[in-house]
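Trainee: As they're listed, the protein sequences go chains A and B. With this note's numbering as the guide, the letters of the first sequence map in order to residues 2 to 117. With this note's numbering as the guide, the letters of the second sequence map in order to residues 10 to 123.
No wet-lab data here; the hints were simulated from the structure. In this text the structure is predicted, and so the values were computed from the model without any measurement. Where a beta carbon is used, it is the ideal one built from N, C-alpha and C, also for glycine. Check each hint, because a few of them may be wrong.
Unchecked claim - Quick list of simulated restraints, FRET-style, between CB atoms: (1) B:K89 / A:N42: 22 to 28 Å; (2) A:G63 / B:P23: 43 to 49 Å; (3) A:G54 / B:G106: 28 to 34 Å.
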Amino acid sequence: AQSVTQLGSHVSVSEGALVLLRCNYSSSVPPYLFWYVQYPNQGLQLLLKYTTGATLVKGINGFEAEFKKSETSFHLTKPSAHMSDAAEYFCAVSDRQSGGYQKVTFGIGTKLQVIP
Amino acid sequence: SQTIHQWPATLVQPVGSPLSLECTVEGTSNPNLYWYRQAAGRGLQLLFYSVGIGQISSEVPQNLSASRPQDRQFILSSKKLLLSDSGFYLCAWSEGGTSNQPQHFGDGTRLSIL
């Protein structure tokens, strides 16, 4: 069974400061990992994904994440927070199930507050 | 490019009334389709998924049902809504037969039951 743990349901950073959102996963097979962002009353938007290859993955809006197998982590970072980054962020792990569908397990989300 | 449409954006319904939420995908064929419910502080709960027309799998027992009458159409229904059905409902699609591609989400429906 796969699972995702997001440490910190709420994170506050100052504008211009480093953003670090933590995600640890559990999976019985090599995982596919994703980060999504959700703005109020909107759907989830893909920020970045890790499937295979380079372990440092760059996404949209200046975000990046590093897959660390030894630590079973996929933390999301951004060097300098912007006010528009205030949103909820979800980490997700994917594993293929029998029947051909993609089972994705989402973390409970981390709300990012950016303080001016 | 692929797009996903979900409607209505908001809905207020009395307890005991029926429900129909619709989701359509454009620009792809034979997608996997999903219905999620999102409650505050609980992340996303998968309700139903479909790998093809007429093929529906339910993840949790409830008074909701789903149907896929066409390849790119996914409908969430209920005959009688309960107060506990309130929430934010999200439709999503992914490429069929793969697990390394992300799911893509619609803008959601905010359902309030009175």
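Trainee: Hints first: check each against the structure and report whether it holds.
Mentor: Hints, verified against the model:
{"no.": "1", "hint": "B:K89 / A:N42: 22 to 28 Å", "result": "26 Å, holds"}
{"no.": "2", "hint": "A:G63 / B:P23: 43 to 49 Å", "result": "46 Å, holds"}
{"no.": "3", "hint": "A:G54 / B:G106: 28 to 34 Å", "result": "21 Å, violated"}
Hint violations for this structure: number 3 only, all remaining hints satisfied.
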